[in-house]
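Given next are the chains, with one letter for each unit.
Number of protein chains: 2
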Amino acid sequence: MTATELPSETSQENNVENNVMQLARQAALAAPALASTSVEKRNQTILQFAEILDRRRAEILEANGKDALNKDAAEFKSGRMAIDNSKIDTVIAGCKALVAMRDPLGAIDYAKELDKDLRLYRVTCPIGVIGIIFEARPDVLPQIAALALKSGNAILLKGGQEVEHTNKVLFACLQEALKLEGLPESSAALLASRSDVAALLKADQYVDLIIPRGSNSLVSYIQSNTKIPVLGHAEGICHVFVHHSADIEQAMAVAVDAKCDYPEACNTMETLLLDKALTEEKQLAILTALHKAGVELRLDSALMSLCNSGLSSKQSPDSQANSQTHSQTPAAISVAEEADWSREYGSLCLSAKIVDGVDEAIVHINQYGSGHTDAIICQDNQAWLNFFNGVKSAGVYHNASTRFADGFRYGFGAEVGISTSKLPPRGPVGLEGLVTYKYKIEGAGHKASDYHGAGAKSFRHTDIEKK
Amino acid sequence: MTATELPSETSQENNVENNVMQLARQAALAAPALASTSVEKRNQTILQFAEILDRRRAEILEANGKDALNKDAAEFKSGRMAIDNSKIDTVIAGCKALVAMRDPLGAIDYAKELDKDLRLYRVTCPIGVIGIIFEARPDVLPQIAALALKSGNAILLKGGQEVEHTNKVLFACLQEALKLEGLPESSAALLASRSDVAALLKADQYVDLIIPRGSNSLVSYIQSNTKIPVLGHAEGICHVFVHHSADIEQAMAVAVDAKCDYPEACNTMETLLLDKALTEEKQLAILTALHKAGVELRLDSALMSLCNSGLSSKQSPDSQANSQTHSQTPAAISVAEEADWSREYGSLCLSAKIVDGVDEAIVHINQYGSGHTDAIICQDNQAWLNFFNGVKSAGVYHNASTRFADGFRYGFGAEVGISTSKLPPRGPVGLEGLVTYKYKIEGAGHKASDYHGAGAKSFRHTDIEKK
Numbered sequence: 007m008t009a010t011e012l013p014s015e016t017s018q019e020n021n022v023e024n025n026v027m028q029l030a031r032q033a034a035l036a037a038p039a040l041a042s043t044s045v046e047k048r049n050q051t052i053l054q055f056a057e058i059l060d061r062r063r064a065e066i067l068e069a070n071g072k073d074a075l076n077k078d079a080a081e082f083k084s085g086r087m088a089i090d091n092s093k094i095d096t097v098i099a100g101c102k103a104l105v106a107m108r109d110p111l112g113a114i115d116y117a118k119e120l121d122k123d124l125r126l127y128r129v130t131c132p133i134g135v136i137g138i139i140f141e142a143r144p145d146v147l148p149q150i151a152a153l154a155l156k157s158g159n160a161i162l163l164k165g166g167q168e169v170e171h172t173n174k175v176l177f178a179c180l181q182e183a184l185k186l187e188g189l190p191e192s193s194a195a196l197l198a199s200r201s202d203v204a205a206l207l208k209a210d211q212y213v214d215l216i217i218p219r220g221s222n223s224l225v226s227y228i229q230s231n232t233k234i235p236v237l238g239h240a241e242g243i244c245h246v247f248v249h250h251s252a253d254i255e256q257a258m259a260v261a262v263d264a265k266c267d268y269p270e271a272c273n274t275m276e277t278l279l280l281d282k283a284l285t286e287e288k289q290l291a292i293l294t295a296l297h298k299a300g301v302e303l304r305l306d307s308a309l310m311s312l313c314n315s316g317l318s319s320k321q322s323p324d325s326q327a328n329s330q331t332h333s334q335t336p337a338a339i340s341v342a343e344e345a346d347w348s349r350e351y352g353s354l355c356l357s358a359k360i361v362d363g364v365d366e367a368i369v370h371i372n373q374y375g376s377g378h379t380d381a382i383i384c385q386d387n388q389a390w391l392n393f394f395n396g397v398k399s400a401g402v403y404h405n406a407s408t409r410f411a412d413g414f415r416y417g418f419g420a421e422v423g424i425s426t427s428k429l430p431p432r433g434p435v436g437l438e439g440l441v442t443y444k445y446k447i448e449g450a451g452h453k454a455s456d457y458h459g460a461g462a463k464s465f466r467h468t469d470i471e472k473k
Numbered sequence: 007m008t009a010t011e012l013p014s015e016t017s018q019e020n021n022v023e024n025n026v027m028q029l030a031r032q033a034a035l036a037a038p039a040l041a042s043t044s045v046e047k048r049n050q051t052i053l054q055f056a057e058i059l060d061r062r063r064a065e066i067l068e069a070n071g072k073d074a075l076n077k078d079a080a081e082f083k084s085g086r087m088a089i090d091n092s093k094i095d096t097v098i099a100g101c102k103a104l105v106a107m108r109d110p111l112g113a114i115d116y117a118k119e120l121d122k123d124l125r126l127y128r129v130t131c132p133i134g135v136i137g138i139i140f141e142a143r144p145d146v147l148p149q150i151a152a153l154a155l156k157s158g159n160a161i162l163l164k165g166g167q168e169v170e171h172t173n174k175v176l177f178a179c180l181q182e183a184l185k186l187e188g189l190p191e192s193s194a195a196l197l198a199s200r201s202d203v204a205a206l207l208k209a210d211q212y213v214d215l216i217i218p219r220g221s222n223s224l225v226s227y228i229q230s231n232t233k234i235p236v237l238g239h240a241e242g243i244c245h246v247f248v249h250h251s252a253d254i255e256q257a258m259a260v261a262v263d264a265k266c267d268y269p270e271a272c273n274t275m276e277t278l279l280l281d282k283a284l285t286e287e288k289q290l291a292i293l294t295a296l297h298k299a300g301v302e303l304r305l306d307s308a309l310m311s312l313c314n315s316g317l318s319s320k321q322s323p324d325s326q327a328n329s330q331t332h333s334q335t336p337a338a339i340s341v342a343e344e345a346d347w348s349r350e351y352g353s354l355c356l357s358a359k360i361v362d363g364v365d366e367a368i369v370h371i372n373q374y375g376s377g378h379t380d381a382i383i384c385q386d387n388q389a390w391l392n393f394f395n396g397v398k399s400a401g402v403y404h405n406a407s408t409r410f411a412d413g414f415r416y417g418f419g420a421e422v423g424i425s426t427s428k429l430p431p432r433g434p435v436g437l438e439g440l441v442t443y444k445y446k447i448e449g450a451g452h453k454a455s456d457y458h459g460a461g462a463k464s465f466r467h468t469d470i471e472k473k
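Quick mapping for you: the protein sequence lines, in order, are chains A and B. Quick note, the first sequence lines up with residues 7 to 473 if you use my numbering. Quick note, the second sequence lines up with residues 7 to 473 if you use my numbering.
Honestly, the hints are just simulated from the structure, not real lab data. Warning: the hint list may mix true and false statements.
Any copy will do: because identical chains look the same in the list, a pair fits if it lies in one copy or spans two.
[Unchecked claim] The list that follows gives simulated cross-link-like pairs (lysine-lysine, DSS-like), each with its CA atoms no further than 25 Å apart: (1) K446 with K47; (2) K118 with K102; (3) K208 with K233; (4) K472 with K118; (5) K298 with K282.
Could you put the whole structure together from the sequences, leaning on the hints where they help?
Okay, here's the thing in structure tokens:
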């Protein structure tokens, strides 16, 4: 290749952009056909897809083996990049469960007769074209593909390059299912390279929603670099506030669960707020329970002095705290910095602070939280009411662990993500988050000019059957 | 003032920003108290507000008179800047109608028992702090303020500087009502200057939604300059597609209504699509009806030749079209440019084009439309179904004028705007658009760790009463 034949970096970028734009355009053109399919056809395609995944198992496992080459085996597994027969079984079972769910499309939640023979309906419909960007886990691909099929959406999939062979085979299974059932193959596309992501984020003319599934930094990058609406959350800074009326055993149990059940999860408690009106004994009991569970504590100065005096009456907090129950070095206790109040640790570490009652707890949570999920532990019903009304987050809990914030636990079946947006969809988002609505009017040649001016007709606005 | 005392431009900008940020922060701090109010208290405050407006009429009219000074009287009136007693009556009647509407807060549309004593509810709640930017019309201020009160939201209001005296008095009435009813006065603030808008758009830490009510350029500017979600639309490029199965009298009547009823409105037809399979006679009849109604036509080449031959059989289209029915110069007919397919005329001008059936109509609308409202005129039910499923817009109509896209006509009562977003809220947005929801969980010390691992408890996911 001579120098003049070498594409410049800019023209390479342009090629990528054109290629992704072309795929996005084709997906947008295929979307109306997908939106018009019956639920029977969509279910049949999902079942077909599940059968093909079952039939092509060996190929999937072989591709995953290829992806594992030259990678650290333990990391490949812990990073959830590995696929085995049991994961394929889970995906297939997920497809069947999705088929059993009711059709999310065509549901009517508002129906009025505006006037004789003029009827208005609000009807659920697909969003259109959804771009899904996921990192390592290849089993996300068939899960999301099945959700998109059920909801009648076209999809552009961008998976992790670490598992590109696996993703290619999984995507080939999807294409085969679409083809066999006569649905447009261009309604799903697989993007290959990292530069495809940047191009996808520019395709706001064709792409209606982006769902990033991955690290906070991936989500933040996407949110800051596209005009397309993004469903998801970058951070989960969840709080537990223990009111002075709390059942202290409950408070200890919930706090430990909220921090320790799965510290890497987004619905894990990152900051514990203790009511000033709690006795010092109770405050200390809660902190001790967490510390005994191996949680590193970053405390405001009041709690730090309490810990120093309280724990030192039994043992030195610096060197020996809980050494009788843990053979390993006890977790550290230190003074929190300002930045710790908005830190998502994602590990067995916790910020803790005294607040003056439910009002100060609300102010703290609304200022430093991420709008994900926050809990109050109390027996006082007025405190719970004030907390529920005052905290702005998508989930506000009473006497329960923040860890319940999850689509499956909420009863939504599959989950596409958790949204911390103020506008819907927010909180854990299931199939319902992949549909929107449009207003349908059926008339008989009705003109708006008949409804104003002299001799104007009146609107009836009568409720009618939602069908 | 010495040179050192003069604030630099930057420090002035900073002052504005700090001031607006301070007002936004105070509004956010007041929001929880507002969210906790009963519907009775909110209704009572709206009625109080209406009474104060009634009592302070003279003051409002005097301020409006001051705003009218040194302005062109006709322009002041046509720009809807003038307020008179009848407008105040309308505002007061609007307040009373709003009080009669049901409480938008606390409605539950999802309720499950997750397990014994663990209940999940999805509950409507205020959005939080809403920034409203409106141009000239001062009666928007009390309308929006009453809507915000009913929905429990804090508001930052920025009105047009042309009517700043009027706005100040109207806002003073609102403050008086809040004070009398014991609601936080900082839950509403009036921003004064144009530079306050830029500062408001940066206050994403405190402001949850921006609603711009004004020109397309205002809305576009706002959409491109803030991270805060914006409810509204910059453009209304609405289409009417006449299918070959259309009742031609209906098609003519609806097309004329959709273009001529109120050409400046966002729900006015901007492009007419005619089915290739319509006879030339019918195509010509529809164009002639529009032209006779005074509509300037910009046509694709096929329709242009049709007009030349068709109209020339009776008269010269260039100089004398319809001269027998109109004494004034007939509207122009010319060939459309590419840019005309995405033009919002806002006047008696129309683009028109031949498309090959419903599929090509869908592609055209999805490509050039703005997602506002589009109609098909047809008797064929399959064509209507395909059109409804295929067109991505917020409103898709059958045999009715696009002009029905309006909150009042839909039966929503007051309207805050029309949204062309793909995600909810979309279409005409009423009170419902000023609320969002959060998930409430009530437990009895429930821990997530009990629901996984060995001996895990199961979720029930039983439907329970929505209360």
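Within, between, both or neither: K208, K233 at alpha-carbon 25 Å: Both. Shortest intra-copy (8 Å) and inter-copy (17 Å) distances satisfy the 25 Å Cα cut-off.
At most 25 Å between alpha carbons: which applies to K446 and K47, within, between, both or neither? Cα proximity of K446 and K47: one copy only (23 Å, versus 36 Å across).
If the cut is 25 Å between Cα atoms, do K118 and K102 qualify within a copy, between copies, both or neither? Only across copies: K118 and K102 sit 23 Å apart there, 36 Å inside one copy, limit 25 Å.
First find the shortest C-alpha distance between K472 and K118 inside one copy, then the shortest across copies, and answer within, between, both or neither for a cut-off of 25 Å. Classified as both; 9 Å inside a copy, 24 Å across copies.
Have a look at K298 and K282 and pick one of within, between, both or neither, based on CA distance no larger than 25 Å. within (23 Å within a copy, 78 Å between copies)
Figure legend: structure checked against the earlier numbered hints; every hint is met.
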